[in-house]
Amino acid sequence: MSLADVLTIFHGALTTLLLSVAGIALGLPLGLGLALLRWGKVPLLNPAVAVYVSLLRATPLVTLVLLLFFALPSAGISLGPVTAGLLALTLNTAAFNCEVWRAALLDLPKDQIEAAQSVGMGRVLRFRRIVLPQIARTALPGLINEMSLLIKLTPVLAVVGVVDITRAAVRIGAQTYEPLPPFLVALAIYVPIVFALVSAQRWVERRMARREAAA
Amino acid sequence: MMKDFATVWSERGLLLSGLGNTVLLSLLAALAGLALGALLSMLLMSPKRALAAPAKVFVDAARCTPFLLFAYIVYYGLPSLGLQFDAWSAGLLALTIYHAAYMAEILRAAWVTQPRAPIEAGLAFGYSGFGLFRRVVLPPLALSSAPVLGNQVIQIIKDSAFLTIITLPELTNAVNSIQSRHFIPFAAFVTAVLLYWALCLVVEAGVSAVGRLAEARR
Amino acid sequence: MPTLIPLLSIVSLSKSFGSLRVLEDISFNVQRGETVCLLGPSGSGKSTLLRCINWLERPDGGRVLLDSQPIGITSGGLVMSDQQLAQVRTRIGMVFQQFALWPHLTVLQNVMEAPVHVQRRPKDEVRAEAEALLRRVGLHDKRDVFPARLSGGQKQRVGIARALAMKPALMLFDEPTSALDPELVGEVLAVMRDLAREGMTMVVVTHEMAFAREAANRVVFMDRGVVVEAGTPEQFFSAPSTERGRQFLQRYAEGRAVAA
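Chains as they are written, first to last, in the working numbering: chain A, 1 to 215; chain B, 1001 to 1218; chain C, 2001 to 2260.
Isolated chain A (complex conformation):
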């Protein structure tokens, strides 16, 4: 494997990283929005979100990406591989995030909101200053977990032709007839990134457990 090959893999790594960050950044608020729709029991949207979440948690990402890439053009929406991949990642992670946020919302003691209501806080103020700070704390480990899962799913983008780490490794392997080394390099890039996230998650969980014990 030449230096050029290694650079190709690093370039793929950058693509992977950018798409992961984009997927995470889009999926977090979308998941929160979906969770709030369910929590607020909005009439038509509540069951719709429930169905959406159930479907997306059951659908393999590879199938979703292929669906978006091949099926949308017949509806008039033509997506490039990067857009299709990003959309699939976002839709998928939003569904999982929704459940994490929802668990945090359900965990919030009812009297927190009542206390805010009793001092005359309106809905927006209540959410911004009382609800969100607390649920963000509770949801954090689950959200970090979901982020690490998302990063592990990014190779799926290779299926529609996005040159991420995986596709770069496959290409090089096909050219050099030595598939193992580039795969191992790819592994060497993925594992530390995911490990960093998993460690962060464990650290957050430990801190929260310590706080609970002290209280």
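Mixed in with the good hints there might be a few duds.
To be verified - Dumping the calculated BS3-like pairs for lysine-lysine here, alpha-carbon to alpha-carbon at most 30 Å:
(1) C:Lys2123 / A:Lys110
(2) C:Lys2167 / C:Lys2142
(3) C:Lys2142 / A:Lys110
(4) C:Lys2142 / C:Lys2123
(5) A:Lys110 / A:Lys41
(6) C:Lys2123 / C:Lys2167
(7) A:Lys110 / C:Lys2167
These are computed hints drawn from the structure, not numbers from a lab.
Starting from the structure of chain A, add chains B and C where the hints point.
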């Protein structure tokens, strides 16, 4: 639109064969993975560092690896070390080993929160080693971690779709073949999504049933 | 004696949870400066009644008026919007059984939060008042501590300070000491007694009979959703005029004898 679904229906032979592969593969991987994972968790729980440490390294590494990459390595990479597998075996092997690591971690995490007293009772009654694990430690562990294990089975089903890339003829592969030959991407993939959803609901029903079993024994 | 317009007027209030009728045609008034204690066995509806006053529970029938202004339903007969309700609630302070302090804010921040963000008063002014309030309840030295580090009694005193910071016309107490260890009850009741003495209008749901006896101007005894009797503490505690009132006091005395 209806015509497209009719076309999918006309290819139901291929569809069912793909679905069958997915189900079979997932089932075998789940059972083998659980068995392997249980053994692995024994190592994780062991007080002997020489056993626990390498097990932990393996489990942590597996949990930080993307499955697709792992499947690639097993199918495309290992041949250069002399180990050649056909797509099916490679897929099964990859699914089993990968998810065994996750199941080991699930069982270990559940074990940490298990009450110690029944285990001590087991020791007092003369159980030890593998027998202790199989008859005293594992049953309540499996019952209490059933929902999380069920989730892992759903993950197995979804990861099996990745194996389309190593040309394994499972459900996504079948559907992709149908849609590319008849130009009916929407109908074909929607069918796949609905079938995966159905599989998921079956697993969740199974988990609920186990949950009821667990409740009765609480 | 000239009749003053009561600060709080409850007229024919009723409430059901599903098929369970929890409040049945409740009416009474609270004058400015009065301390009224709601007494009664569990399930009598006293907490529900309290929570209907600031519309945390929505009554099915009847009216609640604060200083002749209706709460919950506008004079035009429409249900109040979130904003309108919020407006009214700034004039009523509430103290919760489980304290309900906001855990991500320090003690001082808890007390300052609503005056700054709801009433939009200048931060410096609010801080000065908040510190004075904390001094009054004896917790000024804990102002930069998070609620998780406080004892139950301390948390509740902060809760009282937080409610007072809004300068309410009326204070509602929902079993303020029921969640406290016995030795911490006294410090909270002391703060409440001082408040009453200073002329705050208070409605208190409580099981603390000694407090009701000493600090209340009137007690209202409820059972199974109705007001059974109402009167001064002297009247009720020494000579209850109804059979149910008598039974309640007797069971209470017996309970205490067993505990002693």
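Quick rundown of the hints versus the structure:
no.	hint	verdict
1	C:Lys2123 / A:Lys110	holds, 28 Å
2	C:Lys2167 / C:Lys2142	holds, 22 Å
3	C:Lys2142 / A:Lys110	holds, 26 Å
4	C:Lys2142 / C:Lys2123	holds, 19 Å
5	A:Lys110 / A:Lys41	holds, 16 Å
6	C:Lys2123 / C:Lys2167	holds, 15 Å
7	A:Lys110 / C:Lys2167	holds, 24 Å
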